[in-house]
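Trainee: Spelled out, the chains give:
Number of protein chains: 2
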Amino acid sequence: MTADDAMKLLSECRVKIDAIDAQVVDLLNRRTRIVEDIGRAKEVAGLPIYEPKREDDVYRNILAHNSGPLTADALRRIYERVIDEMRSLQHIRRDGRR
Amino acid sequence: MTADDAMKLLSECRVKIDAIDAQVVDLLNRRTRIVEDIGRAKEVAGLPIYEPKREDDVYRNILAHNSGPLTADALRRIYERVIDEMRSLQHIRRDGRR
Chain R
16 MTADDAMKLL SECRVKIDAI DAQVVDLLNR RTRIVEDIGR AKEVAGLPIY EPKREDDVYR
76 NILAHNSGPL TADALRRIYE RVIDEMRSLQ HIRRDGRR
Chain Z
16 MTADDAMKLL SECRVKIDAI DAQVVDLLNR RTRIVEDIGR AKEVAGLPIY EPKREDDVYR
76 NILAHNSGPL TADALRRIYE RVIDEMRSLQ HIRRDGRR
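Chains as they are written, first to last, in the working numbering: chain R, 16 to 113; chain Z, 16 to 113.
With the rest of the complex left out, here is chain R:
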């Protein structure tokens, strides 16, 4: 691979990454809308926002679907951030309804 080939490959890779990121953003927003429904349902059912058992299930599900090359630890760290943001949002929405 020459330096020119490398620059061409780099540019192609970035187009692919941007397309993947657009899909990830769409999925994260779909996930957020469902989490908003969950927040309302939990309020009706008198359940707390933080349910460690359910969070364990989420980690179990993502790790079961992980075929790599992301390591389990890297995926878990990314999802800690996702879950944390969604939990914050449920608190904000719940406070807004009170």
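In short, the hints are calculated from the structure, not lab data.
Fair warning: this is a prediction, and the values are worked out from it, not measured in the lab.
Hints may be right or wrong, so weigh each one.
If chains are identical, the list can't say which one is meant, so a pair holds when it fits in one copy or spans any two.
No farther apart than 30 angstroms at their CA atoms in a straight line, the calculated lysine-lysine pairs in the DSS-like style are these [unchecked claim]:
# : residue 1 : residue 2
1 : 57        : 23
2 : 68        : 57
3 : 31        : 68
4 : 57        : 31
Given chain R, work out where chain Z should sit, using these hints.
Mentor: Relative to chain R, chain Z alone:
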């Protein structure tokens, strides 16, 4: 909505979330494989792993695709983690080739 309805809704929502997460995991792994190609191309082209201008482009792309309800700040925090994990992986792979 009764408490029973809420529990049923909760259960349906969780099935949907698990399906979305499986897709996110798949996309993140596809993204990681492309990042590995980028790491090799950068090495050939003599470019550094950390390119702040390109990272700005990644943030610009995800924020342009964000139709909510995730806030720009929440999405940025999630992607900081994604980008950080992928940058670490490029370093690990580069060190492994040396």
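Trainee: For a quick check of understanding: which of the numbered hints are violated here, in increasing order?
Mentor: No numbers; nothing is violated.
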